[in-house]
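Quick mapping for you: the protein sequence lines, in order, are chains A, B and C.
Using our numbering, read the first sequence as starting at 1 and increasing by one per residue.
Using our numbering, read the second sequence as starting at 624 and increasing by one per residue.
Using our numbering, read the third sequence as starting at 1035 and increasing by one per residue.
Calculated from the structure, these hints are not laboratory results.
Owing to the predicted nature of the structure, the values given are computational and were not obtained by experimental measurement.
C-beta: ideal position from N, C-alpha, C; glycine also.
Careful: at least some of the hints might be erroneous.
[Unchecked claim] When the alpha-carbon atoms are kept at most 16 Å apart in a straight line, the in silico EDC-like pairs for lysine to aspartate or glutamate are as follows:
no., chain 1, residue 1, chain 2, residue 2
1, B, Lys990, C, Asp1202
2, B, Lys915, C, Asp1202
3, B, Lys913, C, Asp1202
4, B, Lys779, A, Asp438
5, C, Lys1281, B, Glu748
6, B, Lys884, C, Asp1202
[What the hints assert, rightly or not] Pulled from the structure, derived: some chain B residues nowhere near chain A, Cβ distances all over 12 Å:
no., residue
7, Leu673
8, Pro789
9, Gln823
10, Thr1023
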Amino acid sequence: MEISFLTKIYNSLKNILVYSPPHNPQAFVLGEGDADHKGIFNDPSHSCSPGQQQLERLLGYAQRLAVFMEKVCTMLRAGQWEKWNHELQGEYNLLLQQQEEIQPLQLAYTNSLGMDLRAISISLGENIKILKKIYNVPANTDIIMRSFEIPAKPPLKALLIYIDGMSDKKIITQTILRPLMLLKSTRQGFPNSELTKNMIEKFLPNGQIKRVTNFMAVQDSINNGDVALFFQGVAEALLIEAKGLEHRSPDRPLIEQSIRGSQLAFGELLKVNTALIRDTVHHSDVMTEVITLGSRGRKKCAVMYLRSIANPTLVAEVKRRINGVRTSFIGDIDVLIQFIEDHPYIPLPTTLSTERPDRVGAHLDEGRIALLMDGSSFVHILPISFFALLQSGEDFSMNFVNATFFRIIRIIGFFIATLLPAVYLAIITFHQEALPTDLLLALAGAREHVPFPGLFEIVMMELAFELTREGGLRMPGLLGPTIGVVGAIILGQAGISAGIVSPVVIIVIAVTGLASFVIPDYQIAVGMRLFRFFSLILASMMGLIGITMGLLLLTVVLCSMTSFGVPYMVPIAPKVIPGLDIFVRGPIFRQEKRPDELNPQDGQRQPHISKVWQTQDPKEGGE
Amino acid sequence: MFHRLVLLIGLVLMTTVFSGCNSGYQETDSVAYILAVGVDKGSSTYQIALPTAVGSTTGSSGKSKEKTTETITIIAPTMANLRSLSKTFVSRTLDASHNKVYIVGEEMARAGLEDSLAPQVRFYEYRGSEFIIIVKGSADDFIRQNTPELETLPSKYYENLMSLSPGTGFFVRTTLHNFYYGMKNNGIAAYAPLAAVNRQIEESHKAPSEATKSTVEYDEPGIIPRTGGNSVELMGLAVFRGDKMVGTLNNKETRAFSIVKGFFKDAYLSVADPFDPKHSISIICWLKEKPKITVHLQDQHAVIDIQVTIEGSITGNKMGINYNLDENRFLLEESFSQDIRHDIEQMIKHTQEYGSDITGFGLYARKYFRTYQEYTDFDWVDTYSNADVHVNVNVVIRRTGLLYNTSPFIY
Amino acid sequence: MSYRIGKMGVAEGIALVCISVSSHIFLMLPARAMSEAASLAWLVVIISGMVSLLIVLMLIYLLQSDSEDLIDMLGRLLGKKMTKIVLSYYIAAFGGNVVLLLRQFIENTLLSTLPEADFNLILIFYMIFIITIVYIGIEPIARSCYLLLPVIALALITVGILLLPLYDSRNLLPWFGTGAGPVLQSALTKVTIIFPPILLLFIAPALQDKKAMRTIALFSLGLSTVMKSFTVLVFTLVFGVAVGQEKMLPFFEMARLVYLNRYLQHIEAIFIPVWIITGILSIAISLYMTASLLTRLLNLPSLRPLLPLLASLLIQLTLLPPTLSDVFKLETFFNQYLIIGTYLIPVLLMIISLIKRRRTPCSTD
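Okay, chain A solo, but in the shape it has when bound (with noise of 0.2 Å):
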C-alpha cells in the first residue's frame, strides 16, 4: 500500500523525537528459573512421589507374605497339618491373586525410579533404549556403543558401551571384540544363565572384570572409563576395566623440591598415585579403601593405611565423616578436606599435604593416614600434629646434626616471619628504649624525611610486598620471578630515594618475606601471614603488650585445636613420650618409638639396638 506523505513525514518525527530500544540481539542472562529453589537434598516434595507409594504398596504385600510365611512354619514346627485346608489355604490363593496385581506395581515403581536406579533388565534393546536415554547418546557424541554378534549357535548380540577417549581401544579391540568375534563358530550355544560367568572365565582375557546388575554401577564405570559389556537374555552387565586415559607422567616435584632424597611426585591419577605409594612401603599391610563422592560428580576418594599399625578407631572416624559428605561436586582434595576437618573457622592447616611418595610413607609407617582423590596431585596426611608441619622431608635424609641445624633456622625463620614487622613497629613507637643510642639516632635520622607515620609505612610496604608475590604468580612462565624481583628492587629503590619509607623498613619487610618462604607448608605460612597483619594492628595500639596479647592468644588457639581427635600441639601441650622428633631432630638410630600420640597398635618400630654389630669377620666375604 502506498503510504501517504504526510505518513512519511509522522512517521520519521516519530522515529526521531520518540525514544525506541535499539534493535540489538538480547545478551545471555542466567535467569532464575523454578529449578534454582529446589535443590535434589531439601525438597519436601520427595517424600510424596508416586514412586513412594507404589513402594507402600509392595512393602504392604511383602508384609503380608513374612505374616503368612510365619504362620506355615508355626504350622509345620507343630505338626498341624490340617490346619493348611482351613485356614491357610485361602490366604495362599488371595497371595497368588494379589502377585498378578503386584506386577504393573513393580513396573510402575521401577518407572518412577529414575534411570539410574533401574535395574538391568534382559532384553538387549531395552537396555539399548536406557542407554540411549541416560547417555542422551546421539546428541552426545562421546559416547560410543558397538553393538556385535558373538558367532555362537545360535548367534548371541552383545553391546559394548564405552566413553571415547577415556577408555583404552587396544584393550577393548584386543581383549573383548578379537576373543568374542573371533569365535570358533561349532561353540554350542551357551546356557543364558551361566552366560556371564562363562564368559569371564573362558573367553575374556582382560585382568579384572566385574558383574553388576543395576544401572548406577554401570554408568559409574562408564564415566571412569571403563567398558560395559551387554548380552541378549541376560540381565547382567560386565564392567571391564579399560582405562586409558591420557594424563601426566609422575614428575618431578614442583613445590617441594630437595636436594637430597628422592625426586619423585604423585600425578593426577588415583591408580598411579596409590600404586606409587604402595611402591614406597611395600607391604601387604597397606589397605586402600575408595569412596566415592559427590552426586552429580562422582569422584572417587583413596583412604590408605597400614592395617597393622594404624588405630582402627581412627580410620573408622575418618571413613564415618568422608561418607557424611553431601555435596554436588568435590574438585579437588582440599575442598574434600575442608568438609571434613576439625576446626574450619581456623585457617590453620590440620592436615599436612605433600607432593612426595616417600614422605608418604614415613608417615604411614609411623600410624597416620593418608587421603588421595582422583584428579588431584597432593595427598594429605592425617592426623598431624603442629611442630609436623615445620618440617621438611629431607630431614631424614641428613646427618642428624645437620638436620637439628636446618630445622633450628626454620624455626627462627616462623618467628621472624610472624612477630618482626609488629615487633619493629613496636620498638621504634613504644619502646624507643630498647635500642642501643646509636641504632635509634640512626633509624630516628632516616625517619626524619619521610612522611608517613611508622603503621602506614610499613602497611604499604607490606602490601607492595603482597602484590608483588601474587602478582609474580599469575605472570605466565618466564617473566613471573623476574617482574617479581624487579619490582621489589625498583620499588625498594625508588620508595628510599623519593623519601617516602626509610631503608630500615624494606630491609625489614625484605627479610620478613625471605623468612616466610622458609615455612615449609604452604597453608601455614599463609596462616601466619594474617596473624602477620593482626599483630601489626596490635602492636600499634599497645605496643610490645599488644603483641604479646596476640601470641598469647594465637597459643591458646593452637593449644585448643584438634587435628582429628589428636591434639595439635602434642607432644608438648599434652605432654606425651616425645620421639626426639620435634624441634631437635635426634638421631636415626635412637628413634625407637612411634608417635604416642596416635595411639598405634604397634608402638615399637625399632629394636633398642638398631645398628647390630654382626661378628664375623669381613674378609670373609658375608653371607
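Following the hints, complete the assembly by docking chains B and C onto the known chain A.
Showing chains B and C alone in chain A's frame:
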C-alpha cells in the same frame, strides 16, 4: 547470634576510637632524646641529640663536623618545672630514657642532692645504670664545653670514658645505683667522680725543671698542663655524707680508693728508681684478687685490716740494671708497695676526717649484728672516724716486658 | 555438665599452679617481703611455700576417691548448707584475686611500659583477651601454661645471671633480718598468702589420681618457690634492704639495671612479654575458677554464658579503689581474708574428718 557478635565487636572497637586510642604511640620524629642532664643550683641543662646529623644516609664522609647535639639550659627550680617549660619552645617531647650521665655542679652537691636527685628515682625514665659526675664549676658550662673530637655523640664519649676508669684509677666509674645505695645505707657513703673544664688548653706549657719521678699529684681536675684534646677532664673523687658533698680526694688517693675497692686493672704506676733516683721506673699493674678486708668490731671500736696484692709487669726502666735478679726485684717491689701504701693511708685519713666511709667498711661489720634494726641503729660514722686501720700492700712483679735482660749502654 | 573438664596431665597441672603462684613475683612481692623481713626475705618466701604445700597435701590426703573434688568433700564433711557458704567464700576469694591481680597488673603496665595510656583502655583490652582465653577453655590454658613456663623460668634466670657483676653478698647480712618472730609471722600472714594451689582440689576429677595430684602439688609449689626465692635473693643481693624496700616494681627495676657493655643494656623491653603472659594467664585461671565455682553453686548447666557478665562485674570492682595506696590496704585486708580459706578451713576439714573416722568403727571384712 552472628549479628549480635558483630555489633558487640563494633561497639568495643568504637570505644577505642572515642577514647583517643593514644596509648603512647610516639613516632621517632616527635621525640627528642636527652643524652645528658646537668643540675646546678637553680637551673638545669639538657643535652639533646640531633638525629638528622647523626643518621643521615645520603650524606657522605668528608664533610665538616656538624653539630650533633643541642644544649638547652633553663633556670627553673625543679625538674618538673623544667619539663613543663621545655615544652613551650622545644617542638618535641623530651625523652630521658637514653640519658647516659647525670652531671651535678659542685655548689649544688654541697647544698644537698635531696631535692634534685632523690625524686628522680620515682620517675619512670630513671635508670640505675646512668652515671653521675660532680663538676667543679657549673654543669651547664661543662656540658657545653664538652666537644669530643673522636666521638660523634657525647653519650658515646661518656660511656667509653667511663669504661676506661679501671685502667687509670684516677676517677671511679659510678652509677646512680651505687650512689643511691651509698646515700641510703648505714655502712657506706656515696661518692662520685670529679670533673672540671680545663681552661688552659690553648696555652703552651713548659715542663718544670725539677719534676717528680713518681706519679704527679693533682689536687683537682682541670689543671693538667696540656694542649689539645677535649676540654673536660675527670680526675678525683667527690666524697659525700648523706646527700651532701663534704670533700674531695686527689688523684693519687682516688687511685688508692680504686685499688681498695677492686676496680683496678692494667694501670701504669711509676716511682723513682731505687737504684738511681734520677730516673723513674714504671710498671703496668693489676690487682691479683680483690683486696682482703677484715673488720673487727668490739665495743664501738673498729679495727680494719686491708691486705692488697698487686701484680705487675715492668714497662719502662733505666737500662743496665737487671730486674730479673731477685734482690733487685725485691727492692723495686718494696718501693712500689711503699708508694701505694702511703696513698691508701692518705685516702683513709682524709675520709676519716670527712666522716664518710666511701669504701664501705661498714658493710663488713654487718656480721656482728643479729637483726637489721640493731644495724640501722648503730652509729658507724662515728666508729669509722676513730677506727684503727692497718694496710699491707704486696707488689709482685711477674714479667719484664719484651726484654729479658738489659745490657748496659756503651759510652 | 560443662564443668566437667576433660583430662589433664601432670605436666599441665604443674604449669597451671606454678603460673598462678608466680604471678606475684612480678608485682610487689620482693619489696614487700623485704620491708617485713629485711635480709631474710628469701626465707619468708620459702616458708610460705612449704606451709602451703603441707596444707595442699593434707587436703589431698582427705580426698576419698579419685573422682572426688573439694566440693564433694565439703558436702561429705560439712553438710549441704555449710558447703554453700564455704563455696561462696571461695568464689569471693578467687574473684578478689582476679580483681587485685588485674588492678595491679594494669598499674604496672601504666607505670613501666605505656605511661601515657588510658586506664580504661588497657582494662578493656586486657579483659577482652582474658574473656576470649577463658572462653576457649581451661585445658588449652593449661597446655599454654606448660608451653610458656620454660620461657618464664629462663627469663628469671637470665636476669639473675646478667646482674652478676652487681651482686654484693654483704647485703644478706645481718642474718636474722628483723628477727625470727617477725619473719615467721610475716611469712604466714602478711606477705602473700599462697592461695591458688587450692584450685588443684577443685579440678581434681580431671587429674588422674591422688598420686598424680601429689606429684603436681610437690613439683609446682617447689618450682614456684624456687623461682620466687631466687628472684627475691637476686633482688636482695643487688639492691640491698634499704634501697630495695622502696621499689614498686622490683623485677622491672632489676631488668633495667642490666649493663654489661654498650650494647647489652636497656633490655627491660624484652622482659615485658614475660610478665604480661604470667599476669594474663593467672588472671584467666582465677576467672575460670570463679565462674566454674559459681556454676557449681547455682547448678547452672554451662559456664560460658556467665563470662561476659562476670567479667563486667569484676571490672567495676577493679575500678573501685581510687588510689594505689587504697589498693595496698585492700590487699592487706584480702590477705587476712584469705587466711581463713588457706589455713583455717583445711585444718577444720582435717579435724572433722578425724573425728568422723573415730566415730565410725572400721569394718573388719
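Status of the hints after comparison with the structure:
For the hint pairing lysine 990 of chain B with aspartate 1202 of chain C, the CA-to-CA distance comes to about 14 Å; that is within 16 Å, so the pair holds. Simply put, lysine 915 of chain B and aspartate 1202 of chain C have alpha-carbon atoms about 15 Å apart, close enough for the 16 Å limit, and the pair holds. Restraint check for lysine 913 of chain B and aspartate 1202 of chain C: the C-alpha separation of about 13 Å stays at or below 16 Å, so the hint holds. At most 16 Å may separate the alpha-carbon atoms for a hinted pair to count; lysine 779 of chain B and aspartate 438 of chain A meet this at roughly 8 Å.
For the proposed pair lysine 1281 of chain C and glutamate 748 of chain B, the alpha carbon gap of about 14 Å is at most 16 Å, so the pair holds. Distance check on the hinted pair: lysine 884 of chain B and aspartate 1202 of chain C sit about 12 Å apart at the alpha-carbon level, within 16 Å; holds. A cut-off of 12 Å between C-beta atoms contradicts the statement that leucine 673 of chain B is not in contact with chain A; the least separation is 9 Å. With a cut of 12 Å on Cβ distances, proline 789 of chain B stays outside the contact zone with chain A, its closest approach being about 22 Å.
Interface exclusion of glutamine 823 of chain B from chain A stands, the closest Cβ pair being 32 Å apart, more than 12 Å. With a closest Cβ-Cβ approach of about 41 Å to chain A, threonine 1023 of chain B is found to remain outside the 12 Å limit, as its non-interface label requires.
Of the numbered hints listed earlier, the single one contradicted by the structure is hint 7.
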